[in-house]
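> As a plain string of letters, each chain reads:
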Amino acid sequence: SQQGEEDPQALSIQEGENATMNCSYKTSINNLQWYRQNSGRGLVHLILIRSNEREKHSGRLRVTLDTSKKSSSLLITASRAADTASYFCATDNSGNTPLVFGKGTRLSVIA
Amino acid sequence: GAGVSQTPSNKVTEKGKYVELRCDPISGHTALYWYRQSLGQGPEFLIYFQGTGAADDSGLPNDRFFAVRPEGSVSTLKIQRTERGDSAVYLCASSLVPGMKTQYFGPGTRLLVL
Chain V
1 SQQGEEDPQA LSIQEGENAT MNCSYKTSIN NLQWYRQNSG RGLVHLILIR SNEREKHSGR
61 LRVTLDTSKK SSSLLITASR AADTASYFCA TDNSGNTPLV FGKGTRLSVI A
Chain C
1 GAGVSQTPSN KVTEKGKYVE LRCDPISGHT ALYWYRQSLG QGPEFLIYFQ GTGAADDSGL
61 PNDRFFAVRP EGSVSTLKIQ RTERGDSAVY LCASSLVPGM KTQYFGPGTR LLVL
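These protein sequences, in sequence, are chains V and C. In terms of the working numbering, the first sequence opens at residue 1 and continues consecutively. In terms of the working numbering, the second sequence opens at residue 1 and continues consecutively.
Derived from the structure by calculation, the hints contain no laboratory data. Some hints here could point you the wrong way.
[As the list claims (entries may be wrong)] DSSO-like, lysine-lysine: derived pairs with alpha carbons at most 30 Å apart:
#1 V/70 <-> C/101
#2 V/26 <-> V/69
#3 V/103 <-> V/26
#4 V/26 <-> V/70
#5 C/101 <-> C/78
#6 C/101 <-> V/26
#7 V/56 <-> V/26
#8 V/103 <-> C/11
#9 C/78 <-> C/11
#10 C/101 <-> V/56
#11 V/103 <-> C/78
#12 V/70 <-> V/56
#13 C/15 <-> C/78
#14 V/56 <-> V/69
#15 V/103 <-> V/69
#16 V/103 <-> C/101
#17 C/78 <-> C/17
#18 V/103 <-> V/56
#19 C/15 <-> V/103
#20 V/70 <-> V/103
#21 C/101 <-> V/69
This one's a predicted model, so the numbers in the text were calculated from it and none came from an experiment.
Let the hints inform the model, and build the full structure from the sequences given.
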């Protein structure tokens with residue numbers, strides 16, 4: 001089963017615009033992560049935000065977490081064609097539980 | 001250093017056949033995970049190893065699926081009597097220690113069962 005639900009399922013923007021993707025989840029979490037996947041292959045870790053954090057930045061990425069609403073958002077600023085990929089949120093609760101991924105948002109950045 | 005590697009990259013087999021998928025984790029990573037990803041979906045957890053033992057195999061869909069990690073490094077996912085519904089990308093990931101939540105993924109094996 002998949003806990004997270006990304007929104008939108010697909011997003012198409014022009015290069016230079018900002019892209020915002022949202023993730024909602026169902027149960028309490030320890031951490032929430034965002035991963036990127038190109039061409040249906042391996043995932044690359046982008047950023048991790050802990051349940052006691054509200055916002056985190058990494059380069060052009062900004063992640064927010066609202067545990068009261070069980071939701072997170074990923075903002076990519078000044079998008080580039082190379083940002084075209086699928087983006088997944090993944091959650092975990094305490095201990096060594098496995099990551100639970102959402103269905104992903106397919107982002108297309110048009111040059 | 002080398003990342004997680006998986007072989008083969010692609011595997012085509014016939015319904016009813018047996019397949020083995022291999023994962024080489026990052027050297028020194030004690031935790032190893034297998035996921036399955038169907039088209040248009042996110043990865044779904046199959047099994048997690050801590051060292052040589054399967055710490056959590058709750059994601060294996062049925063007893064046709066089995067995985068081993070005999071020396072605590074390389075892992076093999078084994079699927080018996082393959083079915084068309086087993087077609088998917090099988091992803092392997094590793095992390096330095098159990099509970100370290102950032103996982104490093106391999107490129108995956110794309111399995112097609114005809």
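> Now, for every hint given, state plainly whether the structure supports it.
Consistency of the hints with the structure:
1. For a cut-off of 30 Å, the pair hint linking residue 70 of chain V to residue 101 of chain C stands: about 19 Å separates their Cα positions.
2. At roughly 10 Å between alpha-carbon atoms, residue 26 of chain V and residue 69 of chain V fall within 30 Å of each other, so this suggested pair holds.
3. The straight-line distance between the Cα atoms of residue 103 of chain V and residue 26 of chain V is roughly 14 Å, inside the 30 Å bound, and the hint therefore holds.
4. With a C-alpha separation of about 7 Å, the suggested pair residue 26 of chain V and residue 70 of chain V falls inside the 30 Å cut-off, and the hint holds.
5. Only pairs whose Cα atoms come within 30 Å are accepted, and residue 101 of chain C paired with residue 78 of chain C is accepted, the gap being roughly 25 Å.
6. A threshold of 30 Å between alpha carbons decides the hint, and for residue 101 of chain C with residue 26 of chain V the separation of about 19 Å falls inside it, so the pair holds.
7. Taking the CA atoms of residue 56 of chain V and residue 26 of chain V, the gap is near 21 Å; set against the 30 Å cutoff, the hint holds.
8. Simply put, residue 103 of chain V and residue 11 of chain C have alpha-carbon atoms about 24 Å apart, close enough for the 30 Å limit, and the pair holds.
9. As the CA atoms of residue 78 of chain C and residue 11 of chain C are separated by approximately 13 Å, the hinted pair is consistent with the 30 Å bound.
10. Restraint check for residue 101 of chain C and residue 56 of chain V: satisfied, since their Cα atoms lie roughly 16 Å apart, inside the 30 Å limit.
11. Between residue 103 of chain V and residue 78 of chain C the CA atoms are separated by roughly 25 Å; this keeps the pair inside 30 Å, and the hint holds.
12. Simply put, residue 70 of chain V and residue 56 of chain V have alpha-carbon atoms about 16 Å apart, close enough for the 30 Å limit, and the pair holds.
13. Our distance criterion of 30 Å between C-alpha atoms is met by residue 15 of chain C and residue 78 of chain C, whose separation comes to about 14 Å.
14. At roughly 17 Å between alpha-carbon atoms, residue 56 of chain V and residue 69 of chain V fall within 30 Å of each other, so this suggested pair holds.
15. A hinted pair counts as satisfied when its Cα atoms are at most 30 Å apart, and residue 103 of chain V with residue 69 of chain V qualifies at roughly 19 Å.
16. Between residue 103 of chain V and residue 101 of chain C the alpha-carbon distance is near 19 Å, which keeps this suggested pair within the 30 Å criterion.
17. Proximity of residue 78 of chain C to residue 17 of chain C is assessed by CA-CA distance (about 11 Å); at most 30 Å being required, the pair is judged to hold.
18. For the proposed pair residue 103 of chain V and residue 56 of chain V, the alpha carbon gap of about 22 Å is at most 30 Å, so the pair holds.
19. Under the criterion of a C-alpha separation no larger than 30 Å, the hint pairing residue 15 of chain C with residue 103 of chain V is consistent with the structure, at around 27 Å.
20. A threshold of 30 Å between alpha carbons decides the hint, and for residue 70 of chain V with residue 103 of chain V the separation of about 16 Å falls inside it, so the pair holds.
21. The suggested pairing of residue 101 of chain C with residue 69 of chain V holds, with an alpha-carbon distance near 22 Å, which does not exceed 30 Å.
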